[in-house]
Each structure stands twice: as structure tokens, then as C-alpha cells.
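Chemist: Spelled out from the first residue to the last, the chains are:
There are 2 protein chains.
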Amino acid sequence: MNSSIVLAISGAAALLFAFILAKSITAQPSGNERMKEIAGYIEQGAMAFLRREYRYLTVFIVVVSVIIGRFINVPTAICFVVGSVFSILAGYFGMKVAVKSNVRTAEAAKHSQQSALKVAFSGGAVMGMSVVGLGVIGLGLLAIIFNLNAYYLTGFGLGASSIALFARVGGGIYTKAADVGADLVGKLEAGIPEDDPRNPAVIADNVGDNVGDVAGMGADLFESYVGSIISAITLGAAAFNNNKGIVFPMILSAVGVVASIIGAIVVRTSKAENPQKALNIGTYISGILMIIGAAVVGYTTFGDFKGFSAIAAGLIVGLLIGKITEIYTSADYKSVKEVARQAETGSATTIISGLAVGMKSTMWPIILIAVGILFSYFVMGGNTDPTLGLYGIALAAVGMLSTTGLVVSVDAYGPIADNAGGIAEMASLPHSVREVTDKLDSVGNTTAAIGKGFAIGSAALTALALFAAYAQAVDIKIIDLLAPTTLVGVLIGAMLPFLYGALTMESVGRAAHEMVEEVRRQFKEIPGIMEGKATPEYATCIDISTTAALREMVLPGVLAIVIPLGVGILLGPEALGGLIGGAIATGVLVAILMANAGAAWDNSKKYIESGAHGGRNSEAHKAGIVGDTVGDPFKDTAGPAMNILIKLMTIVSLVFAPIILKFGGILLNLFK
Amino acid sequence: MNSSIVLAISGAAALLFAFILAKSITAQPSGNERMKEIAGYIEQGAMAFLRREYRYLTVFIVVVSVIIGRFINVPTAICFVVGSVFSILAGYFGMKVAVKSNVRTAEAAKHSQQSALKVAFSGGAVMGMSVVGLGVIGLGLLAIIFNLNAYYLTGFGLGASSIALFARVGGGIYTKAADVGADLVGKLEAGIPEDDPRNPAVIADNVGDNVGDVAGMGADLFESYVGSIISAITLGAAAFNNNKGIVFPMILSAVGVVASIIGAIVVRTSKAENPQKALNIGTYISGILMIIGAAVVGYTTFGDFKGFSAIAAGLIVGLLIGKITEIYTSADYKSVKEVARQAETGSATTIISGLAVGMKSTMWPIILIAVGILFSYFVMGGNTDPTLGLYGIALAAVGMLSTTGLVVSVDAYGPIADNAGGIAEMASLPHSVREVTDKLDSVGNTTAAIGKGFAIGSAALTALALFAAYAQAVDIKIIDLLAPTTLVGVLIGAMLPFLYGALTMESVGRAAHEMVEEVRRQFKEIPGIMEGKATPEYATCIDISTTAALREMVLPGVLAIVIPLGVGILLGPEALGGLIGGAIATGVLVAILMANAGAAWDNSKKYIESGAHGGRNSEAHKAGIVGDTVGDPFKDTAGPAMNILIKLMTIVSLVFAPIILKFGGILLNLFK
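Residue numbers (UniProt numbering), protein chains in the order written: chain A, 1 to 672; chain B, 1 to 672.
Derived by calculation from the structure, the hints in this document are not laboratory data. Accuracy of the hints is not assured; some may be wrong.
Copies of the same chain look alike in the list, so a pair counts if it works inside one copy or between any two.
What the hints assert, rightly or not - Quick list of in silico lysine to any residue cross-link-like pairs, SDA-like style, CA-CA up to 20 Å:
1) 187 <-> 566
2) 244 <-> 666
3) 477 <-> 386
4) 622 <-> 188
5) 306 <-> 668
6) 187 <-> 619
7) 323 <-> 333
8) 244 <-> 668
9) 622 <-> 189
10) 277 <-> 363
11) 334 <-> 510
12) 96 <-> 30
13) 306 <-> 670
Assemble the whole structure, with the sequences as input and the hints as a guide.
Modeler: Written as C-alpha cells, this is what we have:
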């Protein structure tokens with residue numbers, strides 16, 4: 001019980017810190033009238049999307065909570081509602097402040113890079129601290145109310161997962177529909193530059209950065225964060241006959257929140273010239289604090305360093321995956337340079353080499369995850385007690401995600417800096433401002449790629465931990481790969497990420513097509529638009545992205561819920577276990593492939609733009625643009641959707657385990 | 001014993017039929033001097049490749065057979081040598097006749113489409129009949145010699161798999177290096193048409209069709225064919241305490257050989273105007289004969305229709321997968337049309353939509369395979385005796401592959417028709433000849449796509465059956481997905497197809513690059529080459545493709561053998577089981593994705609060329625060419641390599657099961 005209170009208090013501290021940061025941001029000047037006008041459009045667009053989304057969400061939450069309350073139990077339904085609402089709140093706070101930070105970052109960039117970094121990072125940190133703060137307060141309070149009942153808490157995870165689906169998949173479709181639509185007509189047909197206020201889709205594009213990259217990423221990691229803690233609590237309850245297994249991850253998460261806050265303060269007060277360096281110092285300091293804290297808490301709780309070792313393994317694997325992501329996606333290394341070189345022989349070789357980079361880049365993350373699994377399982381004592389071993393895997397996930405507060409802060413800073421650059425461009429601010437924001441943005445691209453790698457790795461580990469918790473919940477000790485039902489489950493599960501990828505990419509295509517039509521219409525029908533005398537109808541483009549995002553999200557969302565339940569009920573809990581296992585395996589692979597291929601194309605295009613292989617407007621550059629355009633839905637829509645898919649399906653299985661246990665396998669009865 | 005004799009006799013019949021066909025082909029006129037000259041180049045090039053390949057193979061076979069003889073046992077080593085040699089012989093016969101058939105097809109096309117079809121199909125049928133004939137003779141004789149010892153026969157499967165690796169992966173690299181290299185310089189730089197004799201890489205390109213599409217495909221299906229029979233024999237021996245479980249698949253295969261011969265005769269004597277119709281009639285007749293035969297043999301053997309049902313399920317699933325492949329890859333259906341439509345907005349949207357088609361197209365084949373697995377498992381009685389159920393899955397694989405003789409015949413006909421068209425072009429034959437060969441070739445494209453779908457489906461089912469046989473061999477009753485070692489095995493296994501895809505695509509890139517350099521050199525250094533006065537040095541281009549194919553094949557080959565053994569020895573037989581399961585799941589998915597995306601791009605380009613979206617030389621056409629070029633290594637190199645990877649890894653595990661059983665899991669001992 002005390003641990004729940006400690007957890008809730010650490011969350012309160014994070015929220016307080018977020019509040020102080022938000023106040024400090026709104027106190028900053030927000031520039032001239034033109035800047036305020038543009039920022040106002042973006043803010044209105046973002047809020048318009050949120051309002052529409054909330055209408056859908058309300059219906060969804062009511063329906064699902066009634067189903068859970070009726071068929072599972074009421075406490076789980078309550079936890080579900082709280083989880084949903086808290087995830088929504090985290091996204092709301094984060095976005096509300098992000099859209100205020102962007103214009104203030106642009107204004108601060110007039111004075112110095114350091115002050116611009118401070119504003120942008122603070123804006124990101126509001127998202128980061130809201131995510132962890134609301135996550136642990138929610139878990140802490142519900143743990144107190146429901147007396148540490150691990151199963152009820154899974155409802156909280158399901159709530160978080162459901163909102164993540166809307167935020168991440170819907171957000172991904174929103175942002176790429178706007179981006180691709182704006183580029184296809186604006187850049188290619190009308191020949192106007194990026195971030196040009198004459199382009200009707202430009203505000204939607206900027207809103208999309210916030211919707212997809214801030215709120216979407218935040219909800220994704222909120223889900224992983226609370227999911228990892230929930231799985232550790234569930235397995236901890238089963239592995240120990242005292243409550244140490246529950247206390248440890250809770251206290252540890254509290255330590256992680258504090259380490260994140262300190263890391264964020266370090267970044268904010270850093271005097272480093274290079275923004276990357278400032279972010280790195282904060283990351284390393286919070287990592288070191290976390291390691292020390294985990295050793296102390298682990299030893300105090302268990303009297304040995306086993307739990308600590310599992311935590312440390314997760315933390316280290318997370319950092320290494322980030323580093324590997326950088327190696328495959330940064331222009332400082334050979335993969336991106338090779339893609340750029342292949343651009344010399346045209347689009348086809350650019351595509352092939354980018355895909356090859358993406359495919360190759362799956363190897364090390366998988367090996368690292370594999371080592372992390374084996375180490376954390378066996379170090380915790382899995383060879384004598386499998387439940388202890390699975391608990392070790394859950395701890396590795398908790399460890400990897402312990403500094404989520406800082407990870408999200410660093411990650412969300414990127415789109416804010418990007419938006420600041422857009423505002424600077426649209427408000428015709430001096431070139432020096434754009435230089436500062438470009439520098440911040442380019443650092444943001446690297447942190448975004450690393451953040452994606454981290455999001456994938458943590459989603460994998462969280463899903464595996466939840467998978468173990470699922471097996472615990474349906475009380476199956478063995479999921480036999482030689483049983484045909486399991487095998488079939490694995491095959492179908494492995495196929496789902498491919499289907500998901502196709503569906504989300506097609507959604508972007510359809511939505512972008514509508515956007516193209518609308519932008520063309522406005523160029524034709526609004527007189528004076530191209531001379532900058534008339535204001536384009538930004539709102540209709542925002543509306544198209546919003547409508548498309550919410551519409552196109554329905555099918556993937558329904559599939560992620562219906563398929564696991566359907567397979568479980570038709571073919572039984574082992575088949576569902578196989579389905580989850582297969583989906584995690586290919587989901588992680590496709591996510592890595594798409595994220596890294598996308599980032600490699602993006603950065604190889606930028607590398608060419610920096611002067612290599614003929615520079616801008618060369619044939620290589622054209623091929624690079626093709627690669628980048630293919631990579632857009634890869635890295636920002638379909639790829640991230642995989643994280644959601646695997647976690648959502650797993651937690652759906654976990655929450656509905658009682659139903660599956662009761663009715664599972666009705667199809668098999670035909671043969672009996 | 002009697003069943004082995006029946007099997008061997010059916011094989012002898014197939015070989016006799018192949019011999020008659022080969023005689024009938026060589027009796028045909030081979031055209032004018034120019035045609036003979038060109039055909040001579042192709043024949044010499046193909047034989048040069050084979051000779052070089054055989055040198056490598058001899059070393060490989062000697063080394064591996066010594067290892068098997070030393071560490072496993074001598075009979076298995078003998079079976080390995082026989083399997084290798086028989087696969088080589090099938091490829092040799094098939095290719096020898098294919099390169100004779102192409103020029104004779106071109107000559108026959110002067111007279112009528114029907115006679116051209118007859119020659120081309122007969123050429124393909126020599127390959128088809130050689131595959132099944134040598135397959136069943138080998139199995140039959142070895143079964144007699146080693147007194148139906150199922151385990152020894154796995155060596156035969158390993159031999160077949162090893163040669164398939166060389167033929168399919170090496171062949172895939174050969175053909176695409178030549179194709180891409182010829183296109184990049186010839187079409188794009190020098191502006192000369194396809195199949196122009198002035199292009200130094202043109203003969204290598206034509207040789208590649210035979211090396212990759214005839215010999216490669218043949219070896220791939222030879223492997224699946226014998227693999228399915230071996231797994232059925234292995235599991236049949238375990239499932240029954242009499243020899244019915246062994247006799248049934250043997251007799252059935254003999255029936256399949258006869259059904260294939262009859263089907264081939266029907267095609268040859270068909271009077272149908274449309275070549276597709278002639279091929280379809282033959283396919284349906286052999287399918288119907290097979291169903292009837294299976295019912296009779298099944299009932300006679302077991303006294304019920306259980307075994308028959310499993311066989312029929314496999315056969316039907318195979319046909320349906322072929323049909324689905326057609327739906328996603330033929331211009332008669334909406335997917336290809338949609339890709340063509342997306343070509344209007346450029347290369348990027350073409351690539352995205354093609355990838356989406358490929359990803360989506362994985363769904364139905366996986367569901368069909370899943371249904372096939374469940375049905376054949378349970379219909380055979382798997383719910384009471386799991387070994388019987390696994391035997392049912394093996395029977396489904398045998399059923400699917402029973403008419404392999406005809407499938408390979410239909411499939412190998414395509415590249416012969418394609419080559420005939422190339423010879424007609426190079427020898428400046430009348431336009432009407434090219435029209436006939438184009439018609440035959442376009443039917444060949446569809447049959448090739450269907451054949452690829454069939455090859456993937458059968459590889460999946462064969463690998464699963466071999467997987468079950470592996471579990472039998474290492475005597476594990478359960479492969480628990482909740483054990484961390486299994487989970488790690490699944491993750492690593494699932495990753496391997498991605499790694500393999502990256503490696504093979506990069507190989508094609510490197511080899512094509514060398515080819516480009518050489519063609520450029522010849523255009524520059526050989527005077528009169530562009531005026532058609534000097535003959536290009538075809539042999540050096542052939543040499544480049546040959547060297548590259550053999551060199552680039554080493555790493556993928558080594559990985560496919562070392563990784564399963566390494567994982568088995570380090571992490572134990574369950575981890576290896578997980579690895580195989582994971583590799584099969586993603587291997588099948590990636591194979592389907594690549595084959596269908598590649599074919600969809602190819603056919604959408606052809607659809608545009610037929611006049612849609614602006615026709616030839618439109619912007620859409622350029623985008624279509626980009627898609628087709630990306631698709632080339634997809635569908636002809638990386639995709640087919642997946643079939644080999646999953647089967648080879650599985651049979652390596654099966655053959656080396658005693659070693660893994662003895663030494664497996666040494667890394668885990670560290671934690672004990």
C-alpha cells in the first residue's frame with residue numbers, strides 16, 4: 001500500500017513540474033501579430049481535431065466500459081475508464097502546451113539557440129511529465145482503491161491502449177495525409193516552397209506534427225509505460241507469496257520519475273552549444289541515476305541484485321537499440337550514404353537499397369531483445385521457477401521504460417522545433433531565426449528516429465511481458481508450438497502486421513488524395529490566393545485530415561480487438577497465445593523495417609540536399625524525394641501502428657482472458 | 001517394399017515420357033543460321049554456368065557428405081549424395097532441353113500458335129517430368145536399399161535442399177544481375193530496345209531466364225516434392241505400428257506422377273485456341289484424376305476416407321492459393337489496375353500501392369494454409385493422437401505437391417516462350433512470330449505468378465511437415481512458446497527472412513553494378529558495336545553473372561546452415577523449434593509479399609503499356625518501370641530465396657537432430 005502512495009506522490013511531482021514548465025512557457029513572448037495569427041490557426045486546428053476525436057472516444061469508452069462491466073467485472077471497467085481518461089488528459093496537456101511552445105520557440109530563436117532549445121524542450125517535457133505523471137498517479141490510486149488487485153489494473157492498460165490506437169494510428173493518418181497532400185500539389189504542381197502560407201494544407205500539415213508526433217508518440221509510450229508496470233505487478237503477484245514483487249516495480253517507477261525530472265532540469269539548464277549534447281547529458285544523467293536507484297531499491301527489496309540486473313538489462317538494451325537506430329538512419333554512417341549513392345542510378349535503386357537497409361536493421365535490435373529476454377529471465381531465477389523468469393522479463397520492460405518521462409520530453413521537442421521553423425517561414429522572420437530552428441529540427445530528426453527505435457523496443461518487451469501475464473491469466477502453463485491451433489495462431493498473428501501495414505498505407509493514400517483535390521480546388525476557385533492576397537481556407541483542409549483520420553482508424557481498430565477475441569473463442573487460449581506471439585515477432589520486425597527505412601530515405605534525401613551527389617535539383621535529389629515520399633507513411637503511419645497493434649491485441653487478450661477461458665475453442669469441439 | 005517398387009516404376013515412366021518429349025523436340029527444325037547462332041550462344045552460356053556451378057557443388061557435396069558420414073551415419077550421407085546428384089540431374093536435363101526448345105518454339109511460331117505452344121510446353125514438361133521422375137526413383141530405390149528407414153531418407157531431402165539453394169538463390173542473382181544490368185545501360189542509357197543483339201548483356205539475360213526460372217524453380221519444387229514425401233514417411237512410420245503410413249504417401253505419389261503425365265499429354269494434344277485454356281484443361285484433368293486416385297488408394301489402404309481428405313485438402317488449398325495469386329497479380333483484377341492508376345501520381349505512389357498490394361495479398365493464402373493445417377490435422381484424428389494429426393499435415397503437403405510434374409511443366413514453359421520471343425527479336429523474324437511468342441509469354445507471366453504462389457504454399461506446408469518430423473526426431477513432444485528460449489528462437493527465426501531479403505537484394509545490386517560497368521566498357525571500347533557490325537563479347541557478361549551468382553550465394557548459404565545449428569547447440573532443441581516456426585511464418589509472408597508485389601508491378605507496367613493511363617512513354621509508364629525494376633529482385637531473387645531458406649533450415653535441423661539432441665543447449669548450462 002505504501003508503495004502505491006509513493007508511486008502516486010512521484011506522479012504528483014511530475015505533474016507539478018509539468019505545470020511549472022507550462023507556466024514558464026506561457027510567460028514567454030509569442031512574437032508579432034503575424035506569428036500569433038499563424039500559431040492561432042495551428043492551435044485551433046489541433047483543438048478542432050481533439051474535440052472531434054473526443055466525441056468518438058466518449059462513445060467508444062462508454063460502450064467498451066459497459067461491455068467490460070457486464071462480462072468481466074465493474075472494477076476493471078472503472079480502471080478502463082480511468083486509463084482512457086488519463087491517456088486523453090496526457091495528450092491534451094501535451095498538445096495544448098506544444099502548440100503554445102512552437103511560436104514561442106520561434107520568437108526565442110530570435111535571441112539565441114539556447115533559449116529556443118529551452119522553450120522547445122520545456123514544451124516537450126510537459127508532454128513527457130504528463131505521460132509519466134498521469135500514468136503513475138492513475139496506477140497508484142487504483143492500486144490503493146482496489147487493494148493491489150493486479151487483474152483490475154489491466155483495465156487501466158486497456159484504456160491506455162485504446163486511446164493510443166486513436167492517437168497513434170489516427171494521428172499517423174492525419175499527419176501524413178496533410179503532409180503528402182500539401183507536398184504533392186504545393187511543391188510539385190504549384191511550385192511553392194514547403195511551409196508556404198499560400199498552401200491551404202500547410203496549417204493541417206503543422207497541426208499534423210502535433211497530432212501525430214506529439215500526442216501520438218505520447219499515447220504510444222503512455223501505453224507501453226503503464227503496460228510494463230501492470231505486467232510486472234501481475235507477474236510479481238504470481239511469482240512471490242509476499243508483495244515484494246509488486247512493490248519493487250512501483251517504487252522503481254517512482255525513482256524513474258524523479259530521475260526523469262532531474263534529467264529534464266539538466267537539459268533545461270545546460271549551457272552546451274550543441275543541442276544534441278544538452279539532450280544527451282540529460283539522458284545519461286537520468287540513466288545513471290536510474291541505475292543507482294534500481295540497485296538501491298532492488299537490494300533493499302530482495303536482498304540481492306537479481307531484480308536490479310533485470311532492470312539494468314532492459315535499460316541498457318533500450319539505449320543500445322537507440323544507438324543502433326542512429327547507426328542505420330543517420331547520415332553520419334554508411335547506410336544512409338549508400339542509399340544516397342544509389343539515388344544516382346534512379347528511384348528504383350533508391351527504393352531497393354532503402355528497403356534493404358530497413359530489413360538489415362532488424363537484426364541487431366532483435367538480437368538485443370533476445371539477449372535481454374534470456375538474461376532477465378534466467379538472472380531472476382527462471383530455470384527454477386518459470387513465473388519468476390517471466391517476472392524478470394517484465395522487469396526488463398519496466399527498466400527500459402523507467403525514464404520514459406525524459407524520453408518523451410526529448411522526442412516531443414522535435415516536432416515543436418519543426419513547427420517553430422514552419423511559423424518562422426510563414427511569418428517571414430529573418431533568415432537567422434530559420435537557421436536556429438533548422439539546427440534544432442535536424443537534432444530533432446535524430447532524436448525522433450532514436451525515439452521510434454525505443455518505442456518499438458519497449459513495445460516489444462511490454463507486449464512480451466503482457467503476453468506472459470496473459471498466459472498467467474488464462475492459467476495455461478504451456479503454449480505448444482507443435483499443436484496445430486498454436487501453429488495456426490502464429491501464422492495468422494504473424495500475418496496481421498502485414499495486413500495492418502497495407503490498410504494504414506492505403507488509408508494515407510486515400511486521405512492524401514482527398515487533400516490533393518481540395519488544395520487544387522482552392523488554388524482554382526479562390527482569387528488572389530497565389531499572390532498571397534487572399535487567405536486560403538485552412539479549416540477545410542484540417543477538416544479533411546480530421547475526418548479521414550477518424551474514419552480510416554475504425555477498421556484497424558476493430559480488427560485489433562475482434563481478431564484476438566475471435567481466434568481465442570474459436571480456437572482456444574493456446575491459439576490466441578500463438579497469435580500474440582506471431583504478431584509480436586513480425587510486428588516488431590515490420591515496425592523496425594518501416595521506421596528505419598523511412599528515416600534512412602529521409603536523411604539520405606537531406607544528405608543529398610546538403611550537396612552530395614549533385615545536391616538539390618539533381619537527378620539523385622529527385623530519386624531521393626521519391627524515397628522520402630515512400631518512407632513517409634512507413635515511418636509515421638504504418639510503422640508506429642505496429643506498436644499499437646501488438647500491445648492492444650495482447651492487452652485485449654489479457655482483459656478478456658476470463659471469457660476466453662470460459663468459451664474458448666468452440667470450433668475445436670466440432671472435431672471432438 | 002512393394003510400394004517402393006511402385007514408386008520407382010512410376011518415376012521410370014515419368015523419365016521415359018521426358019525422354020520421348022526431348023526426342024520430339026530435338027526432331028523439330030531449329031530455324032535459320034542466325035537463329036541457330038543466337039540459340040548457340042544461349043546454350044553455351046547456360047552450360048558454362050552449369051559447369052562452373054558443378055565445380056562448386058562437387059566440393060560442397062564431398063565436404064558435407066563427409067561431415068554427415070562422420071557425425072551422423074553413412075547411409076544418411078549416401079542418401080545426401082544421391083539427393084544432390086538427382087537434383088543436379090533434373091536441373092541438367094531440364095535446362096539442356098529448355099535451351100533447345102526456345103529456338104524451336106520460335107521456329108514453330110512461324111507456322112501456328114498451337115505448334116509453338118506444343119514445343120514450348122514439351123520443353124517445360126521435360127523439366128517437370130525429370131523433377132518428379134528422379135524424385136520418386138531416388139526415394140523408391142533408397143527406400144528399398146535401406147529397408148524403408150525414414151531417417152536415412154532425410155539425407156536425400158538435405159541433398160535436394162542444398163542444390164536448390166545453389167540453383168534458386170544463385171540462379172535468382174544470376175538472372176536479375178543480367179536483367180537489371182542489361183536494362184539500365186541498354187534501354188535507359190543507349191536507348192536500344194529489349195532483346196537487342198547489340199547489347200552485350202542480352203545473352204546473359206536470356207541465359208538467366210533458364211538458370212533462374214527453369215532450373216531454379218525446378219530445384220525449388222524438387223526440394224518441396226521430396227521433402228513432403230519424406231516428412232510423410234517419417235511421421236507415418238511414427239504414427240502407425242504397421243507400414244500403412246509409409247505406403248500411402250508412396251503409392252499416392254506414384255498416382256500423382258501418372259496423373260501429371262496424363263495432364264501433360266492432354267495439354268500437348270489440346271486443340272484450344274487460347275493457350276491458357278489448354279494449360280488449364282490439363283491442370284484440371286490431372287487434379288481430378290488425382291482426387292479420384294487418392295480416394296481409391298486412401299480407402300484401400302486405411303479403409304476410410306481420412307487420409308484422402310487430408311490429401312484433397314492440400315490439393316485444393318494449393319489450387320486456391322494459385323487462384324488468389326492470380327487475383328492480386330493479374331491485370332484482369334482491380335489490384336493491378338489500382339497500382340497502374342497510382343502510377344499517374346508518380347513513382348512514390350506506385351511503390352506504396354504495390355507494397356500495399358503485396359502486404360494485403362498475404363491474408364488469404366495464410367488463412368487457407370491455416371484452414372488446411374487444422375482440417376488435415378483433425379480429420380486424421382489429431383485430437384486423439386497428435387502424431388496422427390501431424391501426419392495429416394504432411395499428407396496435405398503431399399497432396400498439394402502430388403501433381404508437381406504438371407505444375408513444373410506449366411511453369412517452365414513460360415521462360416521458354418519468353419526466350420523464344422527474344423530469339424525472334426534478335427534474329428529479326430517477322431512481326432507475326434513475335435506476336436505468337438508474345439501471346440505465349442503473356443500467358444507464361446500468369447502461370448509464373450501462379451507457380452510462385454504454389455511454390456510458396458507448398459514450401460510452407462512442406463516446411464511445417466518437416467518441422468513436425470524434426471520434433472519427432474529430437475523427441476520433443478512440446479515446444480513451449482512461454483519458454484524464453486523458444487520465444488527467442490521465434491524472434492530470431494522471424495528475423496532471418498528479413499536479413500535474407502536484404503542480403504540477396506544487395507547481392508543483385510552489386511552484381512548488376514558490375515554488369516553495368518562491363519556493358520558500358522564494351523559500348524565504348526568495341527568499335528562498330530552500336531552499328532551492329534561487331535559482335536559484343538557476350539561471354540564476359542555471362543562470366544560476370546556466373547561469378548557473381550556463385551560468390552553472392554556463399555553467405556546466405558552458410559547462414560542457412562550455421563544459424564539453425566548454432567541456435568540448436570547454444571540454446572537447445574526447443575529454441576531451434578521456435579526458430580524454425582518463426583522463420584516459416586515470416587518466410588512465407590515475405591515470400592508472398594515479394595512475389596505478389598513484384599508481379600503486380602510487372603503487370604501494371606504492362607497494363608500501362610497496353611494503352612492505359614497514357615500508354616508507353618507517358619509519365620505513368622516511367623513510374624511503372626520504376627515499380628517493375630523494384631519488383632524484379634523482389635519476385636525473382638529475394639522472394640524465392642525465402643522458400644529455400646525455410647526448407648533448408650528445417651531439413652538441416654532434421655538431419656542434424658542427433659547432434660542437437662546430444663549437445664543442444666550448452667549456453668543454458670551456464671545458468672544451471
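Chemist: Should residue 96 paired with residue 30 be assigned to within, between, both, or neither, using CA atoms and 20 Å as the limit?
Modeler: within (15 Å within a copy, 78 Å between copies)
Chemist: What label fits residue 622 with residue 188 when the C-alpha limit is 20 Å: within, between, both, or neither?
Modeler: Classified as both: same-chain Cα gap 11 Å, cross-chain 17 Å, threshold 20 Å.
Chemist: Tell me, please, which holds for residue 306 and residue 670 at an alpha-carbon limit of 20 Å: within, between, both or neither?
Modeler: between (47 Å within a copy, 16 Å between copies)
Chemist: Could you place residue 187 and residue 566 in one of the four classes (within, between, both, neither) given a Cα distance threshold of 20 Å?
Modeler: neither (46 Å within a copy, 52 Å between copies)
Chemist: My question is about residue 334 and residue 510: at a cut-off of 20 Å on alpha-carbon distance, are they close within one copy, between copies, both, or neither?
Modeler: between (35 Å within a copy, 16 Å between copies)
Chemist: Within, between, both or neither: how does the pair residue 477, residue 386 come out at a Cα-Cα threshold of 20 Å?
Modeler: both (9 Å within a copy, 19 Å between copies)
Chemist: Pop the pair residue 244 and residue 668 into one bin, within, between, both or neither, using alpha-carbon distances up to 20 Å.
Modeler: Classified as neither; 40 Å inside a copy, 27 Å across copies.
Chemist: At most 20 Å between CA atoms: does that hold for residue 277 and residue 363 within a copy, between copies, both, or neither?
Modeler: neither (28 Å within a copy, 46 Å between copies)
Chemist: Taking 20 Å as the upper bound on the Cα-Cα distance, should residue 622 and residue 189 be classified as within, between, both, or neither?
Modeler: Both: 14 Å inside a chain and 18 Å across chains, each within 20 Å.
Chemist: At 20 Å max between alpha carbons, let me know whether residue 323 reaches residue 333 within a copy, between copies, both or neither.
Modeler: within (12 Å within a copy, 45 Å between copies)
Chemist: For residue 187 vs residue 619, is the C-alpha pair at or below 20 Å within one copy, between two copies, both, or neither?
Modeler: This pair counts as both: shortest intra-copy Cα distance 16 Å, inter-copy 18 Å.
Chemist: One pair to classify: residue 244 and residue 666, alpha carbons no more than 20 Å apart. Within, between, both, or neither?
Modeler: Neither: 39 Å inside a chain and 33 Å across chains, both beyond 20 Å.
Hint compliance for this structure: hints 1, 2, 8 and 10 are not met, and every other hint is.
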